[in-house]
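**Q** Spelled out, the chains give:
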Amino acid sequence: MTTTPETANPSTTAADRVGGDRVAGTLYTDPALFEQEMDRIFHRTWVWVAHESEIARAGDFKTAWVGRRPVIVSRDRRGGINVLLNRCRHRGASVCETPKGNGAGFTCPYHAWSYSLDGTLRGIPYPEGYEDVVEKKDLPLQRLKVGTYAGMIFASFAEEIEPLEDFLGGARMWIDRFMKQGAGYPIKVQGEHKFRFRGNWKIQLENTTDWYHFPIVHRSWMSSVDAETASMLSIMTDETAVTHALGNGHSVSVSVAEHADLDVDDGTEKLQDRFSHIVEELSKDLPPEKVRRIVRSLHGAGFNLNLFPNVAMSMAFFRVLRPLSVDETEVRHVALGLEGGPDIVNRERLRIHEHFQGPFGFGSPDDAEAWNRVQRGVAGGADMPILVNRGLGREKPNDLGQPTSHATDETGMREAYAMWKRMMTDGN
Amino acid sequence: MATEAPATAAVAAELPLDDPRALAAVSLIWREAHLLDARRYEDWDGLWAEGGEYVVPIDRDATDFASCLNLVYDDDRMRRMRIERLTGGFSISAAAAARTVRSVSRFVVTGREDDAIEIRSAQILVGYKREETFVLAADVTHRIVFGADGPRISRKIVRLVNSEDTVTASGFLL
Ligand code: FES
Ligand SMILES: [Fe+2]
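Residue numbers (my numbering), protein chains in the order written: chain A, -1 to 426; chain B, 7 to 180.
Read the hints as simulated data drawn from the structure, not as lab findings.
Just so we're clear, the structure is a prediction, and the values are computed from it rather than from any experiment.
Note that beta-carbon positions come from the ideal geometry of N, C-alpha and C, so glycine has one too.
Any given hint could be a false lead.
Distance ranges between label pairs, derived from CB positions [unchecked claim]:
#, chain 1, residue 1, chain 2, residue 2, range
1, A, Asp174, B, Glu56, 43 to 51 Å
2, A, Tyr124, B, Asp171, 33 to 41 Å
3, A, Asn100, B, Ala44, 25 to 33 Å
4, B, His40, A, Ser229, 36 to 44 Å
5, B, His40, A, Ser274, 21 to 29 Å
6, A, Leu390, B, Ser111, 52 to 60 Å
7, A, Glu267, B, Ala143, 42 to 50 Å
8, A, Ser229, B, Thr93, 21 to 29 Å
Listed next, the stretches of chain B that the computed footprint assigns to chain A, with coverage defined by at least 3 CB atoms under 8 Å from CB atoms of chain A [as the list claims (entries may be wrong)]:
#, region
9, 47 to 55
10, 66 to 79
Using the sequences and the hints, build the whole thing.
**A** Structural data, given as structure tokens:
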């Protein structure tokens, strides 16, 4: 590919900036390109906003973001899921600044226009001034298109958008597999860590299926866990650790092949000693097969699934990214547990999550440091390409025709950038 | 021992200057602040009583820390692993840790037992890393036990004012 000047008009050069195996450094640094990404990607495709367990009951709501636009995700009285732009139709105030809660609807604090859980405008105080001027039915909160799959809630500003199932495509099988970590219990959200890093959102997008960095950046975490856990992740030399491009920007990277499908158990795997207190406790009430099934799932699924553009399902958590500006990104690491499952299991999952994730975890701060270093370094040579060519020579289609290579190869990044290029240039 | 939220508990309480244990506790907390800013984590470990609990919750009202997600929830083992991580040289974020200067003040004693007191304080930490200076504020609760070898920390709970919002990692301890 050729290099492009940093000031080039993104609408005419987005295509030039992404080659098959390298992308321009300006992808992380050009503010104009960032604005265009918000419109052409985040406001046009399916963006993850919540997990159904976060709004389990009628009246439950949480706030979220689609690109940089604030939205409310709510469960109405009939059980329907709504995603509403958090902007009053009168003069534009946000109608909800409570991160999560339960209520009958949303009342704007400015002039008290009130909206129901599905966004319908229910009441206007002192309506006399609006006679023959305003029809309430014409002014609901803006509703986004909503799609759900396996408890994952996605929303889109685009009216004409392909069905969510089609968009997820080859990723669906992996989403289904990911949910098997519930070991028969539904998956629930148990809390989240939130932090920011100084760097472009695509640096984070690349990271989730990048096992190449793991043994290097996470040496300090590896030295703090038991040898069994660390050896579970001996990626570099493990030939069963593979990555697949799943289409539409999605990719999956398998780190622990024996845990790729948690329903499959040949019985040879020894349960980790670190969990023996849990085995003992669970065995009081549950048969041995069930105990084994639950304990094998404690670290989550044996893979990282990256869904373009903003959510990953990684081991035992969701990783949600939110672009703030060209060089700042918010990351949420959402901890998962078993709805109605044994307390001791859910508590252990919280401890495992705290150990790695979050601003004071043993893993996330090292990731954040590395991402920040990318942003700082790339600015020094914005016209130089970023290489995403690792494993090109050994990439082959699997039996589903998906480009496949080693888990430490950059197949997932190439897939994401191919989608980026398509979305940034189609219709031009 | 009292478990109310810091703001309400603080109203009626005060720092009894005639109680030598209160002064010993304050001086221990100041020494702790000094060691953390200096990143002398091994020495910091020596301030703890066996079985000490170190918590930075996300939910400021949480009391049952075991059942919810925290930023930090350490027993002796986790705390020592954390120290190992910060001093072992394998962590790129610890190697590039922010410089910190913290001040701890507004002490009030909120609980007294035969062998322990609970003391609450305000902590303002200013950090600096790579052209950025930032501030973290927290309500801190220490439970200090008085044994044969002097005062030791048996519990420390750091409630950040922004714990439910984004908290950015910079390789130091609170
Ligand atoms: S801006 Fe919402 S009611 Fe006026
Ligand atoms: Fe990482």
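**Q** If a hint holds in the structure, say so; if it doesn't, say that too.
**A** Hints, one by one, checked against the model:
The hinted window of 43 to 51 Å between Asp174/A and Glu56/B holds, with their beta carbons roughly 47 Å apart. Separation of Tyr124/A from Asp171/B is about 36 Å and conforms to the stated range, judged on CB atoms against 33 to 41 Å. The hint said 25 to 33 Å for the Cβ distance between Asn100/A and Ala44/B, and at roughly 47 Å that hint is violated. Checking the proposed 36 to 44 Å range against His40/B and Ser229/A shows it holds: the Cβ atoms sit about 40 Å from each other.
Between His40/B and Ser274/A, the C-beta spacing of about 41 Å breaks the proposed range 21 to 29 Å. Between Leu390/A and Ser111/B the Cβ separation comes to about 59 Å, which falls inside the hinted range of 52 to 60 Å. Between Glu267/A and Ala143/B the Cβ separation comes to about 47 Å, which falls inside the hinted range of 42 to 50 Å. Between Ser229/A and Thr93/B the beta carbons are some 25 Å apart, a value that agrees with the proposed interval 21 to 29 Å.
Only when three residues or more bring their CB closer than 8 Å to a CB of chain A does the claim for the region 47 to 55 of chain B stand; here the count is 0, and the claim is violated. Taking a C-beta to C-beta cut-off of 8 Å, the region 66 to 79 of chain B contributes 8 residues in contact with chain A, enough for the three needed, and the coverage statement holds.
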